[in-house]
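Chains as they are written, first to last, in the working numbering: chain Y, 1 to 154; chain A, 155 to 330.
Among the hints, a few may not be true.
Pairs of lysine-lysine, DSS-like flavour, derived with a Cα cap of 30 Å [unchecked claim]:
1) A/K273 to Y/K117
2) A/K316 to Y/K121
3) Y/K113 to A/K218
4) Y/K69 to Y/K117
5) A/K316 to A/K262
6) Y/K121 to A/K241
7) A/K289 to Y/K83
8) Y/K69 to A/K218
9) Y/K121 to A/K218
10) A/K273 to A/K263
11) Y/K69 to A/K241
12) A/K241 to A/K204
13) A/K241 to A/K263
Beyond 10 Å from chain Y on every Cβ pair, some chain A residues (computed) [stated by the list, open to error]:
14) G175
15) C192
16) R202
17) G207
18) V215
19) V225
20) D261
21) P272
22) K279
23) L295
24) D313
The calculated label-pair distances, taken between Cβ atoms and stated as ranges, are [as the list claims (entries may be wrong)]:
25) Y/Q96 to A/Q258: 35 to 41 Å
26) Y/S32 to A/N303: 18 to 24 Å
27) Y/Q96 to A/K279: 56 to 62 Å
28) A/D313 to Y/G98: 49 to 55 Å
29) A/D313 to Y/P116: 50 to 56 Å
30) Y/M1 to A/A178: 56 to 62 Å
I should point out that these hints are in silico values taken from the structure, not numbers from a laboratory.
Where is the CB? At the ideal position from N, CA and C, for every residue including glycine.
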Amino acid sequence: MISLHINGKTKQVEAAPDTPLLWVLRDELHMSGTKFGCGMALCGACTVHVDGQPARACVLPVSAAVGRKIVTIEAIGDTPVGKRVQQAWAEIDVPQCGYCQSGQIMAASALLKAIPKPSDKDIDQAMSGNICRCGTYPRIRAAIHKAAGNGGKA
Amino acid sequence: MRRRLMLALALIGGAAAAAQGDPALFDPVASVVMTPRCVNCHQAEAPRQKDIGVIHAQQVVRGKDGHGSAVLQCAACHQAVNTAQGKVPGAPNWHLAPLSMRWQGLDKKGVCEQMRDPKRNGNRKGGEAVIEHMKTDPLVLWAWNPGANRTQPPMSHEDFVKVLQQWADAGMPCPQ
Numbered sequence: 001m002i003s004l005h006i007n008g009k010t011k012q013v014e015a016a017p018d019t020p021l022l023w024v025l026r027d028e029l030h031m032s033g034t035k036f037g038c039g040m041a042l043c044g045a046c047t048v049h050v051d052g053q054p055a056r057a058c059v060l061p062v063s064a065a066v067g068r069k070i071v072t073i074e075a076i077g078d079t080p081v082g083k084r085v086q087q088a089w090a091e092i093d094v095p096q097c098g099y100c101q102s103g104q105i106m107a108a109s110a111l112l113k114a115i116p117k118p119s120d121k122d123i124d125q126a127m128s129g130n131i132c133r134c135g136t137y138p139r140i141r142a143a144i145h146k147a148a149g150n151g152g153k154a
Numbered sequence: 155m156r157r158r159l160m161l162a163l164a165l166i167g168g169a170a171a172a173a174q175g176d177p178a179l180f181d182p183v184a185s186v187v188m189t190p191r192c193v194n195c196h197q198a199e200a201p202r203q204k205d206i207g208v209i210h211a212q213q214v215v216r217g218k219d220g221h222g223s224a225v226l227q228c229a230a231c232h233q234a235v236n237t238a239q240g241k242v243p244g245a246p247n248w249h250l251a252p253l254s255m256r257w258q259g260l261d262k263k264g265v266c267e268q269m270r271d272p273k274r275n276g277n278r279k280g281g282e283a284v285i286e287h288m289k290t291d292p293l294v295l296w297a298w299n300p301g302a303n304r305t306q307p308p309m310s311h312e313d314f315v316k317v318l319q320q321w322a323d324a325g326m327p328c329p330q
């Protein structure tokens with residue numbers, strides 16, 4: 001039995017130590033907000049926070065998550081920054097198909113927590129690991145600036 | 155007094171002889187440290203990938219401490235071991251070599267001079283300290299077990315340590 005700290009709660013799961021955290025979240029805990037994209041840390045769809053830092057749950061062995069604070073898309077709106085990001089996302093209507101957006105919001109929330117007024121360069125360096133096949137990048141950038149209080153402009 | 159003088163002269167003489175060691179002793183060392191498995195992370199601004207040394211996808215950058223940008227850190231993807239059937243490389247504390255230890259743009263002579271300069275080799279004073287890094291650093295050792303059919307250095311790790319020792323014993327001579 002493995003004990004995990006997820007979204008402020010302790011969860012007990014049965015899983016082999018090398019099981020990716022994403023499998024535990026989705027298949028064991030039925031938290032399906034975090035998406036499976038590539039399974040190789042290439043697309044960012046599975047981004048969660050581990051001790052405040054974005055991490056790709058598809059390659060993070062569950063054993064490496066023990067004793068660390070995990071936050072997923074289901075709880076990011078409970079933080080002031082996460083809530084602002086979600087509101088900006090809704091106001092600008094960022095998603096198209098939406099599949100990557102859990103990861104995008106997790107990455108954007110971590111960015112704004114670390115850098116409250118990010119430049120375009122900061123955004124590029126924080127968000128380039130999160131791929132959007134619909135190409136919503138201009139709206140993602142605008143939403144990050146809006147959530148930062150820049151009215152959607154750089 | 156005379157004995158001390160003799161000892162000093164012997165040491166100076168030894169150092170001079172060492173400094174004149176055969177620069178060709180660095181060739182086998184270079185054949186390892188200048189391969190992509192090593193050079194790809196001894197970079198200035200951003201790591202590189204694959205045998206062709208392409209700049210790391212996803213705009214990965216060095217960041218302030220060699221662990222990536224503020225919120226896209228090496229550890230976001232690189233775990234303590236390889237993952238995704240070896241496709242995602244992993245070793246403990248995955249990160250770029252310190253900026254002072256960058257090899258980007260250096261030729262064989264430049265790499266050699268960097269390796270023996272404590273100001274640019276992680277403050278490793280002398281051959282033994284340099285060899286210790288090559289013998290024990292998990293990221294160095296990963297190069298010999300990179301998984302996923304990645305190219306490995308051209309000699310075994312054991313042989314690499316031997317040629318390093320020969321180079322160090324000769325006074326770490328560098329190509330001119």
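Could you work out which of the previously given hints the structure breaks and list their numbers from low to high? Numbers 1, 2, 7, 13, 18, 19 and 26 - these are the hints that the structure violates, sorted from lowest upward.
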